[in-house]
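Undergrad: Residue strings, one per chain:
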Amino acid sequence: SQKIEQNSEALNIQEGKTATLTCNYTNYSPAYLQWYRQDPGRGPVFLLLIRENEKEKRKERLKVTFDTTLKQSLFHITASQPADSATYLCALDETSGTYKYIFGTGTRLKVLA
Amino acid sequence: DVKVTQSSRYLVKRTGEKVFLECVQDMDHENMFWYRQDPGLGLRLIYFSYDVKMKEKGDIPEGYSVSREKKERFSLILESASTNQTSMYLCASSLRTALNYGYTFGSGTRLTVV
Numbered sequence: 001s002q003k004i005e006q007n008s009e010a011l012n013i014q015e016g017k018t019a020t021l022t023c024n025y026t027n028y029s030p031a032y033l034q035w036y037r038q039d040p041g042r043g044p045v046f047l048l049l050i051r052e053n054e055k056e057k058r059k060e061r062l063k064v065t066f067d068t069t070l071k072q073s074l075f076h077i078t079a080s081q082p083a084d085s086a087t088y089l090c091a092l093d094e095t096s097g098t099y100k101y102i103f104g105t106g107t108r109l110k111v112l113a
Numbered sequence: 114d115v116k117v118t119q120s121s122r123y124l125v126k127r128t129g130e131k132v133f134l135e136c137v138q139d140m141d142h143e144n145m146f147w148y149r150q151d152p153g154l155g156l157r158l159i160y161f162s163y164d165v166k167m168k169e170k171g172d173i174p175e176g177y178s179v180s181r182e183k184k185e186r187f188s189l190i191l192e193s194a195s196t197n198q199t200s201m202y203l204c205a206s207s208l209r210t211a212l213n214y215g216y217t218f219g220s221g222t223r224l225t226v227v
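For the record, the sequence lines run as chains A and B. Each step along the first sequence adds one to the number in the numbering used here, with nothing skipped, and position 113 is 113. One rule links them: number in the numbering used here = place in the second sequence (from 1) + 113.
One or more hints might be untrue.
Chain A is faced by these chain B residues, among others (derived, beta-carbon under 10 Å) [claimed, not checked]:
1) Gln150
2) Gly155
3) Met201
4) Ser220
Partial list, computed: chain B residues near chain A (C-beta under 10 Å) [unchecked claim]:
5) Arg122
6) Tyr148
7) Pro152
8) Gly153
9) Leu154
10) Leu156
11) Phe161
12) Gly171
13) Leu208
14) Gly215
15) Tyr216
16) Thr217
17) Phe218
18) Arg223
Hint data in this document are derived by calculation from the structure and do not stem from the laboratory. No experiment lies behind these values; they were computed from the predicted model shown. Using N, Cα and C, we set each Cβ at its ideal position, and we do this for glycine too.
For reference, chain A alone in the conformation it holds in the complex (with noise of 0.2 Å):
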């Protein structure tokens, strides 16, 4: 069966390392996955997008890798603040380069000061 994966249990880290959540999934083939981040009662906001064959995209703190062979995204928040705690979600096109996205459940993230 077709699976996407996150670490639902909570990650805790101290205020200035880097955070590495994981997305893993199973009987897909993303042409695209993307990132975003959730608020508590809020709407997701989008982060990142990485294609296929881009191994690492960066954008200021951030960093996103996509393994087509591990079937595996690793999101990377360096030097990490209070204010970058939240839920983050991964989602990858259904069928592959289509609009269509299919989200993970998320990984919360609780950065401490």
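Fit chain B to the known structure of chain A by using the hints.
TA: Frame of chain A; chain B shown alone:
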């Protein structure tokens, strides 16, 4: 900035009522989506539309219908609300290919059916 506006943040409805959830976007996006989000289940797609008057079922369309008479507006209808439809409902829009800009979500409507 693209704005996706959902008509209500909180709604309480009675079992059996017909419920309308409205969503409006202001950036001429072709695609619009309705998701529901429940703890432990994540975002699940109910319906989506890639053009005016076009709609396609998502993963959990039962008990729901949609309407897209104008490009900017996508309505979700609960024909006869039931308690298992208590959830957070999220509307989203995107350009046709949803590439560089991803989806833009509304703030959500928390619906409680009693």
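Undergrad: Does each hint fit the structure? Answer for all of them.
TA: Against the structure, the hints:
1. Contact between Gln150 (chain B) and chain A, as hinted, is supported at the beta carbon level, the nearest pair being about 9 Å apart and thus within 10 Å.
2. With a cut of 10 Å, the hint placing Gly155 (chain B) at the interface with chain A holds, because the nearest CB-to-CB distance is about 4 Å.
3. Taking 10 Å as the C-beta contact cut-off toward chain A, the hint placing Met201 (chain B) at the interface holds, the least distance being around 8 Å.
4. Because the beta carbon of Ser220 (chain B) sits about 5 Å from the nearest beta carbon in chain A, less than 10 Å, this interface hint is met.
5. Given hint, Arg122 (chain B) at the interface with chain A, holds; its Cβ is 9 Å from that chain's nearest Cβ, closer than 10 Å.
6. About 8 Å separates the beta-carbon of Tyr148 (chain B) from the nearest beta-carbon of chain A, less than 10 Å, and the hint is met.
7. The criterion of a C-beta within 10 Å of any C-beta in chain A is met by Pro152 (chain B), whose closest approach is roughly 9 Å, and the hint holds.
8. Because the smallest distance between the Cβ of Gly153 (chain B) and any Cβ of chain A comes to about 7 Å, under 10 Å, the interface hint for this residue holds.
9. With its C-beta approaching chain A no nearer than about 7 Å, Leu154 (chain B) sits inside the 10 Å limit, and its interface hint holds.
10. A least Cβ separation of about 4 Å between Leu156 (chain B) and chain A falls short of the 10 Å threshold, and the interface hint therefore holds.
11. For Phe161 (chain B), the interface hint holds, since its Cβ comes within 10 Å of a Cβ in chain A; the closest pair sits about 7 Å apart.
12. This hint holds: Gly171 (chain B) has a C-beta 8 Å from the nearest C-beta of chain A, less than the 10 Å allowed.
13. Restraint check, Leu208 (chain B) versus chain A: the minimum CB separation of about 8 Å is within 10 Å; hint holds.
14. A cut of 10 Å between beta carbons decides the hint on Gly215 (chain B): the least distance to chain A is about 3 Å, and the hint holds.
15. Interface restraint check: Tyr216 (chain B) against chain A, minimum CB-CB distance 6 Å, threshold 10 Å, status holds.
16. Of the supplied interface hints, the one on Thr217 (chain B) holds, with its beta-carbon coming within about 7 Å of a beta-carbon of chain A, less than 10 Å.
17. Hint on Phe218 (chain B) holds. Least Cβ distance to chain A is approximately 3 Å, under the 10 Å limit.
18. A distance limit of 10 Å between C-beta atoms decides the matter here; for Arg223 (chain B) the minimum to chain A is near 8 Å, and the interface restraint holds.
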